[in-house]
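When the letters of the sequence shown are read in order and numbered with the working numbering, they come out as residues 1 to 279.
Treat the hints with caution; some may be incorrect.
Said to hold, decoys possible - In silico EDC-like pairs for lysine to aspartate or glutamate, Cα to Cα no more than 16 angstroms straight-line:
{"hint": "1", "residue 1": "K97", "residue 2": "D143"}
{"hint": "2", "residue 1": "K215", "residue 2": "D232"}
{"hint": "3", "residue 1": "K215", "residue 2": "E243"}
{"hint": "4", "residue 1": "K97", "residue 2": "E180"}
{"hint": "5", "residue 1": "K215", "residue 2": "D236"}
{"hint": "6", "residue 1": "K215", "residue 2": "D205"}
Stated by the list, open to error - Computed beta-carbon distance windows for the label pairs:
{"hint": "7", "residue 1": "S268", "residue 2": "S146", "range": "19 to 27 angstroms"}
{"hint": "8", "residue 1": "I45", "residue 2": "A12", "range": "55 to 63 angstroms"}
{"hint": "9", "residue 1": "D221", "residue 2": "R92", "range": "31 to 39 angstroms"}
{"hint": "10", "residue 1": "Q53", "residue 2": "T196", "range": "48 to 56 angstroms"}
Hint data in this document are derived by calculation from the structure and do not stem from the laboratory. C-beta: ideal position from N, C-alpha, C; glycine also.
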Amino acid sequence: AGTARGGSRWRAVLTAGGGGSPVLTSVGASYLPRNARPRVSAITIHPPGTVFQRPFPADPEIAGFDGLSAEQRLAAAQNQANTAQAGPALGRRMYQKGLMTFIWRAEDENGDELRYAVEYRREGETVWRAIRQDLAEPMLVWDTTSVPNGRYVLRVGASDAATNAPDLALTGYLESTAFEIDNAPPVVTVTAAQRTAERTTIAFDARDGDSSVLKAEFSLDGARWRTVYPLDGLADSGAERFELQLEQPVDPAAVVIRVTDTANNVTSVTGTPPPTGRR
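I would like the entire structure built from these sequences, with the hints used as guidance.
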């Protein structure tokens with residue numbers, strides 16, 4: 001007997017002696033399916049400072065216990081792969097200054113186990129720098145205080161090398177949209193403070209090189225914070241001018257001014273202007 005293959009076709013040639021007719025009753029074939037490249041389909045960028053407290057599992061593992069059968073191990077591995085592709089279970093939302101949470105969705109046509117590598121680059125640069133390698137969960141919390149302020153892009157690579165031979169393993173990539181990293185507070189400068197018998201006026205500027213000024217507030221002698229509006233009526237840019245009018249004579253040093261930018265960075269100063277330079 002002989003066989004010949006072409007694409008997905010096959011042929012068997014049968015011969016027999018003595019006048020008999022050969023009969024083909026069954027065919028068995030073993031093959032290795034073509035590996036499909038993993039695909040990262042979406043990257044979600046949560047607002048700066050947003051983190052999630054991991055929920056308690058419904059069936060907690062017993063510490064130090066390793067008595068699972070082979071079938072139980074296989075089921076657990078499959079459940080972990082399905083969970084990773086669907087996305088991690090998020091717990092209670094919390095705030096932690098300087099941290100940034102990224103979550104992505106990845107699929108693999110062959111159902112392979114996926115591992116992730118996360119890289120970043122500053123907008124305008126071409127070199128990718130690694131943040132984490134060999135992640136099992138499609139989620140990363142990045143301490144952004146490790147890099148300068150600026151606009152950045154994240155790249156996630158999903159690899160199926162854990163379940164394929166090295167020469168057959170494939171990696172799929174996806175880049176995020178650009179996002180802002182800003183861990184520097186705005187600069188607040190008191191430009192003038194004037195006190196009369198009827199009122200006190202304090203003028204100040206707020207500037208931020210990486211974000212917009214979000215709001216300005218003041219507190220007098222430790223009282224509650226009250227809003228100060230910009231001279232143009234709306235805080236929506238990286239440079240705003242303010243003029244605080246108090247209908248009473250007060251010491252400017254007793255006034256505390258607090259300015260917050262859109263990245264939740266805060267600066268506080270008193271209402272006293274800086275001393276002028278001397279010759």
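The hints, checked one at a time:
The hinted pair formed by K97 and D143 meets the criterion: a straight-line CA distance of about 9 angstroms does not exceed 16 angstroms. Of the supplied pair hints, the one linking K215 and D232 holds, its CA atoms being roughly 13 angstroms apart against a limit of 16 angstroms. A distance of roughly 13 angstroms separates the Cα atoms of K215 and E243; the hinted pair therefore holds under the 16 angstroms criterion. For the given pair, K97 sits about 14 angstroms from E180 by alpha-carbon distance, which is consistent with the 16 angstroms threshold.
The straight-line distance between the Cα atoms of K215 and D236 is roughly 9 angstroms, inside the 16 angstroms bound, and the hint therefore holds. Proximity of K215 to D205 is assessed by CA-CA distance (about 12 angstroms); at most 16 angstroms being required, the pair is judged to hold. Between S268 and S146 the C-beta distance comes to about 26 angstroms, which sits within the given range of 19 to 27 angstroms. Between I45 and A12 the CB atoms are about 57 angstroms apart, so this pair conforms to the stated range of 55 to 63 angstroms.
In this structure, D221 and R92 meet the distance hint of 31 to 39 angstroms, their C-beta atoms being roughly 37 angstroms apart. Separated by about 53 angstroms at the C-beta atoms, Q53 and T196 satisfy the suggested range of 48 to 56 angstroms.
Hint violations for this structure: none, all hints satisfied.
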